[in-house]
Structure formats: structure tokens, C-alpha cells
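Engineer: Per this note's numbering, residue 14 is the first one in the sequence shown, and the count goes up by one each step.
Be careful, since some hints might not be right.
Quick list of in silico lysine-lysine cross-link-like pairs, DSS-like style, CA-CA up to 27 Å [said to hold, decoys possible]:
1. Lys384 to Lys237
2. Lys384 to Lys357
3. Lys197 to Lys65
4. Lys137 to Lys53
5. Lys384 to Lys137
6. Lys306 to Lys296
7. Lys508 to Lys237
8. Lys518 to Lys137
9. Lys237 to Lys69
Simulated from the structure, these hints should not be mistaken for laboratory data.
From a predicted model like this one, the values you see are computed outputs, not experimental measurements.
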Amino acid sequence: MVVSKTASIQSINPANREVIGEVPIMGATEVKDAVDRAWKTYETWQLVPYHKRIKKVMELRRLIEASADEIAQLVSTEVGKPIVESYLAEMTGPLDSCVWLAENIETLLKDQVVQMSNPLLATKQSVITFEPLGVIGVIAPWNYPFSIPVMTILMAVACGNTVILKPSEKSPMVGIKIGELFEKAGFPGGVLQVVTGDRSTGEQLTKCDLSRIIFTGSVAAGSKIMAQAAPNITPVSLELGGKDAAIVLPDAPVDWTARGLVWGAFTNAGQACASIERVYIIKGKNTQKLIDKIVHYASTLKVGSPLEPTTDVGPVIDEGQLEIIEAHVNQAKEMGAEILTGGKRNDELGGFFYPPTVLTNVNHTMDIMTKESFGPVMPIMVVDTEDEAVARANDCDYGLCASVWAGGLNRAEAVARDLQVGTVLINDCLVSHAMPQVPWGGLKKSGFGRSHSLFGLMDLVNIKHISIDSSGGSHRIWWYPYGPTRVKTARGGLKFLHGTFPLGKIKGLFIFIFNLFRKAK
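Model the full structure from these sequences, guided by the hints.
Structural biologist: Below is the structure:
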């Protein structure tokens, strides 16, 4: 990312370091104007029936599919993602989200009628409604610059909210493309607006009058956003870093597991918050065979231009990310780790390239096992027992995802239940972000709040309770005036409703009825 003298940002192709576009850095006035327009649009958009909102969602689906080649080319050019991944990882989730919302949102957000179990409240009926919140600020990451914001925006606008999207300064062109697609799909102009810029633009957005901020990015940036949102008490949803562990049980099928681990560690050059960043292999007869298979598959991956169909691993996003990866690998090597393949940047390709790297003889004193590397590295630690593997996996500041690899699924599920994370995949990894039906999010320093599914919708609506009393009576026993008679009524009612002995409950009922209609004294 380069900031020019004319207050703009140049988007850089990480594969060749060439400028591919330039966008303005929007300031406080422009951001506030966008938020004001979003609130004005919200007044009418929230009243649009679900079926009409969904009609536009499905038109967006059509446009995404029709523009898939253009979108994939742009994503691969701007962030270096291999072209296959730009199709699968960036568009599958949004397209499936359109269908899931069309089929489910009206049912999921339908009013719920709740009856009271307490006889004293028998005349009351409660209705729970799910109403749009207002204006949602979405601050998006660069590593999945299309799928992550689009899936969030779709849910927000389908609920009746309006959205301000702040794309990453490293992928602004994709953000602009998202805005164009929503406009072409027929959404009113203020339903989605894109504000481009650097961190200062994001800071201005967090200070505005927003109903919620949804941020995906680093722990450090998430912490700052919380602080910036605090004066307005703006609720935030944070999907932050990860240091996702893979646990391999002794009965795991060797070839399947090796292929899965290699993909999980090196897809998107390891730049996914759910990338496999640690592998714990429980010692068994196939341990060395598995490690050898991993090294074989990792060393045969093709590193190169993300636009080439045969490329498996593209560049990392920039020089800063390269330096973090190098620092982690070099420190591990100095502390005794063995590099089985990779381990040194590739400057010959002209971009920010680092080869798939596999390490063994690692431990938890090394940064590569405790800090987020966000690059194509796979440190492998062989442990003696299942308990040790789980303890090591949980010995982490992050809690986004994990994976368990096994032949016996019952044992794998038992291990999964012991892991302190938001999602566990058995015999696969990463793909759950593309599943709109299930929640996505983590705990610990990986953040809080959920996206996707019913649970994600709950972050985008006001859950309102309406209580209706249909009795038409003249008073309630909890109303004034108080007095000794009211005390006896209350005590008798409690004994009847919650006493543990049958005779006591009968006595309580008698006291309650006897005093209920007596004049309060």
C-alpha cells in the first residue's frame, strides 16, 4: 500500500509489485455524509417487505455468477490469491448465502409467541420480534476481500439494515467492485456505500453514529476499534486472528491427512485466519510416514503467478508480511527446529513470494508455535498422548478453529469437544466459512460475536419483547398498595409454586387464595 501526495492509495499487485489502481482516502466529512445518507435510506429500506429485499439479493446472486471471471481476475490480481481459490473461496460462500437467505430469513425472523408457565402470568402473552438495527459499519480484510464482506453485507441488508463498507487499504479495488455489484442489482443507493481509505478512514467510521461495527482483521486493530467505538457505546463484532491447531490421531489415514494438512496450511499462501498454523501428531506407527507424505506434497506445490491455472501458491500480500514469516522461521531454526522443505523467500519471481515451508523439532517457546504467522508455514510437533495434544492445542491466546484427523469418527468428535475454539472440523479444514447455515466466530483473542446462520442474524437485529395483558382486570397483586395481607399472599404463592413438599404446596395455595381477595392492610 502506498499513500500518494494527493491523499490517495495505490493498490499494488503482490505478484509483481505493480500499481493496479488508485482510490481516494476519504476523510471525516465524506465518511459522515455517507453515514447520514445511510440513515436516511434506512428509514424506507427497513419497511421494504422481505420478499422484495430477497428479490434484489437473488439478482445480486445472478450478477456474481455472471461476473465470476471478472471478479476472480480482480481478486487474484489485487491480493495474489491463486485463480482457482478466487472462484471457490471467494464466490461459493456469497452465492450460497443468497440462496440460504432467500429460503430461510423470513422464517427465522418471524415473530415468536411465548406463553408464560407461571399461573400468575397466565393472562399475559409475549411476542418476540426481530427488527433491523439501523446502519452497520463493515470493516473488511484483504485476505478474503470479496467473500467475507459480501456474506456479512447480504445478511445485514436482508434484515433491513443499511451498510457502510470500508475495504482494506490493501484491496480497495475489490471493495469498489462490491459496491458496483450491489448497485447493478437494484439496491437503493444508500443501502450499501463504500468508503475507501487507510486506517484513518476506518477510525472516522468507528466514531460515527452506527448501530454495530463488524470488523475482521488483526487483534491489535480490533482492540483499537473497540476503544474508538466505546464513547458511543457502539456494539462491535470482532473476528480477529487465529493460530489454528490440527490434531492427528494415530489411526488417521495417511494420504488423506497429508493432503488435507498441506492444503489447510498453504491455501491462500497461509493467509487465512483459519489456516492450519500448528500440527500435533500423536505418536504412532505411521508418524514418520505421514511427515514424509506432508513434505512430499508441500515440496511439489507450484509457486507462481496467481493468474496461472496451475499455480498452487501465490505471493503473500506485502513486504511486511514476508518479514513476519521470515522472523518466525529464522527464530525457530536458531532454536533447533529442522526445516524439511522451503524456509527461504523467493525473490526471483519478482513479487512477495515465500515457498511452502514444513518444520519439525518445534516447541512452544518458539514464536512459530504461539504467534500468528499468517504465511505458508507448517510447524509439526510430535506428542505422546491425546491429552497432550489437546492441552497443547488449547495452550494458545487464540480460539477460532481447529481440525481433528482420524479414522474413528467417534474418537475424533470426543477430541473436538475438548478444544477451546469456535469451530472444529473433522478430516477437513477451513471450509466452514463458506457454509452460511452454521455460525462463524471464535473466542479468546480471536474475538466475539458470530457471523452466518441464525446466530449471525441475531447480531444484526433488535430482539424486541412485547408483553400483552389481555385480562382486563382492575389490578395486579404486585401493584400498590402493599401491606401485611399482600405479604401473606406473596409468601403463600411462592410456597405453592416452588415449595418442595406436597403438603407445603397445598398450604401455600390455601394461604394465597385466602389472602388474594382480602383488602390490603
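Engineer: With reference to the structure, classify each hint as holding or not holding.
Structural biologist: Hint by hint, here is what the structure shows:
no., hint, in the structure
1, Lys384 to Lys237, "holds, 19 Å"
2, Lys384 to Lys357, "holds, 19 Å"
3, Lys197 to Lys65, "holds, 16 Å"
4, Lys137 to Lys53, "violated, 37 Å"
5, Lys384 to Lys137, "violated, 54 Å"
6, Lys306 to Lys296, "holds, 16 Å"
7, Lys508 to Lys237, "violated, 52 Å"
8, Lys518 to Lys137, "holds, 24 Å"
9, Lys237 to Lys69, "violated, 35 Å"
Of the hints listed earlier, those the structure fails to meet are numbers 4, 5, 7, 9, in rising order.
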